[in-house]
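S.K.: One-letter residues, chain by chain:
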Amino acid sequence: MTGRKLISTGIASALIVLAGSPLPATATRGQTAHFARALRATDTAYLHRIKRPGSGLIEEGTAHGNLPGTMHADLYLGGTFTATFTIYLHGGTITGNGKAAPHGTGIYESFAGTLTVTGGSGIYKNASGRAGLYGTFNRRTYALVVQTTGALSY
Amino acid sequence: MRRIRAARLALVLALLAASMFALASPAPGEQSASLQATLTPEHLGQSTTIGFSFQITAPHGEVPAPLTDVEVRYPVDLQFALSELGLAHCTAITLESFGVPGCPPNSLMGYGTVTAEVALGPTIIPETAQVTILRTANEGEHVGLLIYAEAHTPVTTEVVMPALVLSANPPYGGGLSMKVPLLTVLPEGRPISIVKFRSTLGPQHINYYEYAKGHRIKFQPKGVPLPETCPHAGFRFAATFTFLDGTTTTTYATVPCPRAARHPR
Chain P
7 MTGRKLISTG IASALIVLAG SPLPATATRG QTAHFARALR ATDTAYLHRI KRPGSGLIEE
67 GTAHGNLPGT MHADLYLGGT FTATFTIYLH GGTITGNGKA APHGTGIYES FAGTLTVTGG
127 SGIYKNASGR AGLYGTFNRR TYALVVQTTG ALSY
Chain X
100 MRRIRAARLA LVLALLAASM FALASPAPGE QSASLQATLT PEHLGQSTTI GFSFQITAPH
160 GEVPAPLTDV EVRYPVDLQF ALSELGLAHC TAITLESFGV PGCPPNSLMG YGTVTAEVAL
220 GPTIIPETAQ VTILRTANEG EHVGLLIYAE AHTPVTTEVV MPALVLSANP PYGGGLSMKV
280 PLLTVLPEGR PISIVKFRST LGPQHINYYE YAKGHRIKFQ PKGVPLPETC PHAGFRFAAT
340 FTFLDGTTTT TYATVPCPRA ARHPR
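If you're matching them up, the sequences are chains P and X in order. My numbering puts the first residue of the first sequence at 7, with every later residue one more than the last. My numbering puts the first residue of the second sequence at 100, with every later residue one more than the last.
Hints are computed from structural coordinates only; laboratory data are not their basis. Please note that a few of the clues may not be correct.
In silico BS3-like pairs for lysine-lysine, Cα to Cα no more than 30 Å straight-line [claimed, not checked]: (1) P/57 <-> P/105; (2) X/278 <-> X/321; (3) X/295 <-> X/278; (4) P/131 <-> P/105; (5) X/321 <-> P/105; (6) P/131 <-> P/57; (7) X/278 <-> P/105; (8) X/295 <-> P/57; (9) X/295 <-> X/321; (10) P/57 <-> X/321.
Work out the full structure, taking the sequences as your base and the hints as a guide.
M.R.: See below:
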């Protein structure tokens with residue numbers, strides 16, 4: 007459930023990190039030089055329910071921080087929260103997935119887990135990375151707040 | 100953890116008198132089981148109360164072998180985290196000490212009944228207990244539940260059965276797994292056998308409370324929401340039963356799509 011939002015936020019954060027610290031360039035003859043970048047960042051996303059088709063929950067919202075953008079997440083909120091996400095940023099998109107365990111009581115269910123960046127498009131087509139995933143899921147409104155802290159390279 | 104509080108003495112003595120020659124247990128036949136499930140109301144996109152019940156029978160009217168494990172799997176389309184059920188936790192110790200009234204109202208998740216049978220010589224004695232399902236702390240990544248059964252006749256008994264919501268392979272989204280304690284009415288006697296169980300998981304007959312601006316406000320929690328589209332084959336449930344004699348049986352149930360929504364997705 008919350009996992010998707012978390013994922014989006016994490017991705018945004020990771021992207022931010024990447025933008026901040028270019029790594030040595032790698033290029034071969036005939037190819038455009040590709041500068042690998044690595045970022046370490048913390049980012050937060052605020053998602054809201056869009057649709058609930060079948061077994062999933064689709065949420066969208068905005069990611070704030072070093073890599074601001076729009077996030078789309080497909081969540082499954084079973085005993086473990088799982089999600090796939092796409093973050094739309096200037097210059098491309100970042101995609102990935104996340105998994106988090108819910109805990110706590112009350113309307114706001116907190117969760118913690120990990121986010122994995124698996125790819126992207128545009129300047130982020132080689133994106134990869136892992137981040138910690140934390141957040142809360144509002145069981146009444148389905149609003150999701152996701153915070154991610156981790157490293158991203160692209 | 101299993102917490103069992105069994106057998107108030109007076110009733111045990113009464114049963115003992117009725118069974119002085121009856122400690123030999125009947126040889127159990129092979130058990131069969133049936134499962135039923137309901138969704139009330141069944142309106143797509145809206146909150147529902149899940150009802151499930153099972154019945155266990157043995158051939159020739161015998162008492163079935165004692166049940167030791169049950170797992171009731173529910174459709175992948177139903178996600179408990181999308182409900183407001185179980186906003187508070189209760190503990191087994193609290194239940195054993197104070198019963199359901201000792202638990203936070205916001206930990207209630209469902210009600211039902213369980214019927215058990217015990218063979219005392221040629222006599223089969225049934226006992227029905229009221230069941231309350233409450234939320235407790237998670238165990239690792241698994242949602243924790245407590246199933247509290249309280250009976251008054253013929254034997255006064257209180258039993259706390261821990262349960263977990265486990266993951267399951269599609270088309271199931273998870274499974275409610277519970278260990279059934281072996282309760283004996285008589286020392287060295289055969290454990291009782293559960294033959295019927297029915298319960299709800301949802302807001303039906305449940306009220307929660309929250310505080311707003313210093314006032315305690317009663318509200319009905321949101322149940323598990325049905326998806327906006329119905330699964331192709333309806334909402335499929337399954338249950339696997341394991342018995343003390345080592346046998347296992349699995350049975351299935353389907354809640355059909357609402358008549359107005361029978362369009363495969």
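S.K.: For a quick check of understanding: which of the numbered hints are violated here, in increasing order?
M.R.: 8
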